[in-house]
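For the record, the sequence lines run as chains A and B. First residue of the first sequence? That's 1 in our numbering, and the numbers climb one at a time after it. First residue of the second sequence? That's 562 in our numbering, and the numbers climb one at a time after it.
A few of these clues could be false.
Incomplete in silico selection of chain A near chain B, CB under 7 Å [as the list claims (entries may be wrong)]: (1) LEU47; (2) ARG97; (3) GLY194; (4) GLU195; (5) PRO427; (6) GLY476.
In silico negatives: residues of chain A with every beta carbon more than 12 Å from chain B [stated by the list, open to error]: (7) ARG26; (8) LEU45; (9) TRP95; (10) ARG99; (11) VAL111; (12) GLU193; (13) PRO313; (14) THR344; (15) THR422; (16) ILE441; (17) ALA504.
Treat the hints as calculated values from the structure; they're not laboratory data. The beta carbon of each residue, even a glycine, is placed where N, CA and C say it ideally should be.
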Amino acid sequence: MYRYDDFDAAFVAQRNRQFRAQVERRIDGSLTEEEFKPLRLMNGLYLQLHAYMLRIAIPYGTLRSAQMRQLAHIADTWDKGYGHFTTRQNIQFNWPRLRDVPDILDALAEVEMHAVQTSGNTIRNVTADHFAGAAADEVADPRPVAELIRQWSTDHPEFQFLPRKFKIAVTGSSNDRAVTAAHDIGLRLVEREGEIGFQVLVGGGLGRTPMIGKVIAEFVPSEDLLAYLGAVVSVWNLLGRRDNKFKSRIKITVHEHGIEAIRDMVAARFAEIRPGFSGVDQERLAAITAQFAPPPFRTASTASFDAAYAEDPVFRAWADTNLFPHRAEGYAIAQISLKAHGATPGDATSAQMRVMADIAERFGHDELRISHEQNVVLPHVHKADLPEVHAILRAHGLATANIGLISDIIACPGLDYCALATARSIPVAQEIATRFDALKIEHEIGDLKIKISGCINACGHHHVGHIGILGLDRAGVENYQITLGGDHTETASLGERTGPGFAADEIVGAVETIVETYLAERASPGETFIETYRRVGMAPFKAALYPDTAKPAVGGASDAA
Amino acid sequence: MPRPFTPKVVTGNALLEGDVVYLAADGSWTRDLARAELLTDEADAQVRLIEAQARAGEVVGVYLADMAEGPDGPEPTHFREAFRRAGPSGYVFAKSTS
Numbered sequence: 001m002y003r004y005d006d007f008d009a010a011f012v013a014q015r016n017r018q019f020r021a022q023v024e025r026r027i028d029g030s031l032t033e034e035e036f037k038p039l040r041l042m043n044g045l046y047l048q049l050h051a052y053m054l055r056i057a058i059p060y061g062t063l064r065s066a067q068m069r070q071l072a073h074i075a076d077t078w079d080k081g082y083g084h085f086t087t088r089q090n091i092q093f094n095w096p097r098l099r100d101v102p103d104i105l106d107a108l109a110e111v112e113m114h115a116v117q118t119s120g121n122t123i124r125n126v127t128a129d130h131f132a133g134a135a136a137d138e139v140a141d142p143r144p145v146a147e148l149i150r151q152w153s154t155d156h157p158e159f160q161f162l163p164r165k166f167k168i169a170v171t172g173s174s175n176d177r178a179v180t181a182a183h184d185i186g187l188r189l190v191e192r193e194g195e196i197g198f199q200v201l202v203g204g205g206l207g208r209t210p211m212i213g214k215v216i217a218e219f220v221p222s223e224d225l226l227a228y229l230g231a232v233v234s235v236w237n238l239l240g241r242r243d244n245k246f247k248s249r250i251k252i253t254v255h256e257h258g259i260e261a262i263r264d265m266v267a268a269r270f271a272e273i274r275p276g277f278s279g280v281d282q283e284r285l286a287a288i289t290a291q292f293a294p295p296p297f298r299t300a301s302t303a304s305f306d307a308a309y310a311e312d313p314v315f316r317a318w319a320d321t322n323l324f325p326h327r328a329e330g331y332a333i334a335q336i337s338l339k340a341h342g343a344t345p346g347d348a349t350s351a352q353m354r355v356m357a358d359i360a361e362r363f364g365h366d367e368l369r370i371s372h373e374q375n376v377v378l379p380h381v382h383k384a385d386l387p388e389v390h391a392i393l394r395a396h397g398l399a400t401a402n403i404g405l406i407s408d409i410i411a412c413p414g415l416d417y418c419a420l421a422t423a424r425s426i427p428v429a430q431e432i433a434t435r436f437d438a439l440k441i442e443h444e445i446g447d448l449k450i451k452i453s454g455c456i457n458a459c460g461h462h463h464v465g466h467i468g469i470l471g472l473d474r475a476g477v478e479n480y481q482i483t484l485g486g487d488h489t490e491t492a493s494l495g496e497r498t499g500p501g502f503a504a505d506e507i508v509g510a511v512e513t514i515v516e517t518y519l520a521e522r523a524s525p526g527e528t529f530i531e532t533y534r535r536v537g538m539a540p541f542k543a544a545l546y547p548d549t550a551k552p553a554v555g556g557a558s559d560a561a
Numbered sequence: 562m563p564r565p566f567t568p569k570v571v572t573g574n575a576l577l578e579g580d581v582v583y584l585a586a587d588g589s590w591t592r593d594l595a596r597a598e599l600l601t602d603e604a605d606a607q608v609r610l611i612e613a614q615a616r617a618g619e620v621v622g623v624y625l626a627d628m629a630e631g632p633d634g635p636e637p638t639h640f641r642e643a644f645r646r647a648g649p650s651g652y653v654f655a656k657s658t659s
């Protein structure tokens with residue numbers, strides 16, 4: 001794993017000293033709120049509904065045990081004993097006091113973490129596949145290049161005042177677990193004739209105008225990547241709409257100018273700036289890559305795993321849903337669900353953080369990952385250790401066997417915390433999870449992703465949920481719109497609206513109706529929800545949801561309401 | 562026709578704590594909505610808002626929030642203000658330790 005060098009440490013320390021002085025000047029009145037706000041946002045500090053919120057980057061979702069323990073320490077010392085993992089591999093603390101934030105940032109720096117560029121109109125935390133470096137289906141580990149992009153984009157002088165925020169995600173596998181098609185730039189590591197390069201997507205994004213990213217380059221060689229990224233951001237920095245916040249993201253720029261025109265402009269800009277890259281970045285990349293060398297995998301019998309799997313149905317259920325194939329013989333990727341039925345999706349208490357850190361240290365080569373699905377991952381666990389790992393997780397409420405199932409819901413903080421939200425997300429997620437747990441059918445339902453956002457900004461990724469739920473304020477009442485058929489993977493698609501929304505006390509029933517319709521319509525128990533939806537379309541779901549309305553248009557035409 | 566004025570309170574977030582505060586009749590900031598001053602006159606409300614906005618060393622993001630007169634003081638008329646008063650659902654400690 002990457003360790004800070006002297007430059008990184010000095011940069012973060014200097015930034016923290018600057019911010020400490022800025023906080024002092026805000027408190028003594030030397031800075032107005034208008035002056036202070038962009039400074040605090042550059043350092044991840046928001047003001048939310050009930051308190052300040054500090055968003056801390058977990059670059060490419062990778063954490064060491066010591067870092068997770070420090071997050072637990074921060075939760076206990078300066079917050080209320082818990083943190084919230086987000087869809088962009090950040091952690092948010094919901095209750096810091098202004099005077100304490102500089103101390104929190106110093107505590108983060110002790111373990112090589114920061115909150116730089118987790119907000120503001122900058123290039124944000126670079127995210128990656130949470131199975132990076134472990135998955136059996138990977139071309140190459142995407143994290144070295146993600147770290148290179150983090151270093152390149154941090155405090156980049158040209159890109160500190162962009163038209164709007166800018167998000168980059170990287171996957172090293174053709175099975176896209178990093179939602180690259182919904183990012184401003186999505187990078188997909190590919191191999192061509194033995195050479196590693198990148199397919200580059202541009203102009204994806206969710207929010208009020210959801211768009212699937214378009215391929216701007218089929219293959220950018222590794223040594224050209226930073227220059228190419230710089231060219232894309234540079235073209236958008238000039239063209240991007242600064243007159244209208246709602247049209248400022250690169251997805252709108254691409255939509256307005258067309259991908260061909262943007263591709264040409266990027267090529268011209270690339271030709272200008274490429275000579276400036278003398279190869280130092282490639283030396284840097286090589287040094288970073290060396291730090292991401294795989295841990296020393298051991299060879300051992302998996303007999304204890306096989307025995308537990310055969311004899312213990314609770315362990316078997318967990319192994320069936322929460323494990324993923326590892327590239328090393330005898331190993332598995334173990335996912336820790338932060339979606340216990342009825343709990344807040346993505347929240348972990350300080351005690352749970354310490355338990356996960358201890359397990360990673362004892363059994364997992366000291367590595368943890370945070371997934372965009374708001375779960376924690378132990379990327380490298382030998383199967384022989386899994387029965388013990390499971391027993392420890394179970395003792396701390398962390399062994400919920402529901403990864404990828406209907407209760408493994410992405411939910412943004414919604415109106416329980418967020419100043420932008422128009423409705424609550426968390427209670428809806430809790431009630432859906434509790435309902436389907438009571439019905440005991442979630443394993444029978446199988447792979448089904450529900451994603452909930454509490455406003456059109458879509459932090460909960462509702463557009464790309466198999467079932468998406470969007471909370472709105474309709475004449476002073478919470479109302480929930482449903483979309484069906486969204487997909488966040490390499491076959492990305494945006495969901496289609498079912499029709500009019502549902503009241504807060506109707507939404508769980510509506511989801512149940514959708515699931516019952518799927519179970520009735522599916523061709524076989526092996527046909528997943530999304531496969532059934534793609535085969536039968538919207539019509540049967542619409543008919544079930546709105547039985548009293550006239551027969552809907554054929555072919556699942558979206559509702560005009 | 563302009564819309565008739567509805568009663569309001571001045572509210573914002575405390576600069577240091579970040580938590581929700583309301584302007585009381587005596588000019589102090591209170592965490593208790595019941596103690597907030599309910600402003601029923603539009604001109605009066607605007608003056609109170611401008612005065613509050615000038616207190617930038619104490620509060621952030623001050624605005625006028627719609628309220629109704631209840632038996633124990635101002636009551637939210639919109640769910641957003643109800644959640645601001647109550648704190649997040651699911652964490653009982655949320656508003657008790659500020």
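Hints and how they fare:
Contact between LEU47(A) and chain B, as hinted, is supported at the beta carbon level, the nearest pair being about 6 Å apart and thus within 7 Å. Taking 7 Å as the C-beta cut-off, the interface hint given for ARG97(A) holds, the closest approach to chain B being about 6 Å. The interface hint given for GLY194(A) is broken, as the beta carbon of that residue sits about 52 Å from the closest beta carbon of chain B, more than 7 Å. Because the beta carbon of GLU195(A) sits about 50 Å from the nearest beta carbon in chain B, more than 7 Å, this interface hint is broken.
Contact between PRO427(A) and chain B, as hinted, is supported at the beta carbon level, the nearest pair being about 5 Å apart and thus within 7 Å. Taking 7 Å as the C-beta cut-off, the interface hint given for GLY476(A) holds, the closest approach to chain B being about 5 Å. The beta carbon of ARG26(A) is not kept farther than 12 Å from every beta carbon of chain B, the shortest such distance being approximately 8 Å. With a least beta-carbon separation of about 10 Å from chain B, LEU45(A) fails to lie farther than 12 Å from that chain, contradicting its non-interface assignment.
The claim that TRP95(A) is not at the interface with chain B is violated, since a C-beta of that chain comes within 12 Å of its own (minimum 8 Å). Remark: the non-interface label on ARG99(A) conflicts with the geometry, its nearest Cβ contact in chain B lying 6 Å away (cut-off 12 Å). The claim that VAL111(A) lies off the interface holds: its Cβ sits roughly 25 Å from the closest Cβ of chain B, which is beyond the 12 Å cut-off. Even its closest Cβ contact with chain B, about 54 Å, leaves GLU193(A) beyond 12 Å, as expected for a residue assigned away from the interface.
For PRO313(A), the condition that its CB be more than 12 Å from all CB atoms of chain B holds, with the nearest at approximately 31 Å. Residue placement check: THR344(A) does not keep its beta carbon more than 12 Å from all beta carbons of chain B (closest about 6 Å). For THR422(A), the shortest C-beta to C-beta distance to chain B comes to about 8 Å, within the 12 Å cut-off, and the non-interface label is violated. In this structure ILE441(A) is separated from chain B by more than 12 Å, as the shortest Cβ-Cβ distance comes to about 25 Å.
With a least beta-carbon separation of about 9 Å from chain B, ALA504(A) fails to lie farther than 12 Å from that chain, contradicting its non-interface assignment.
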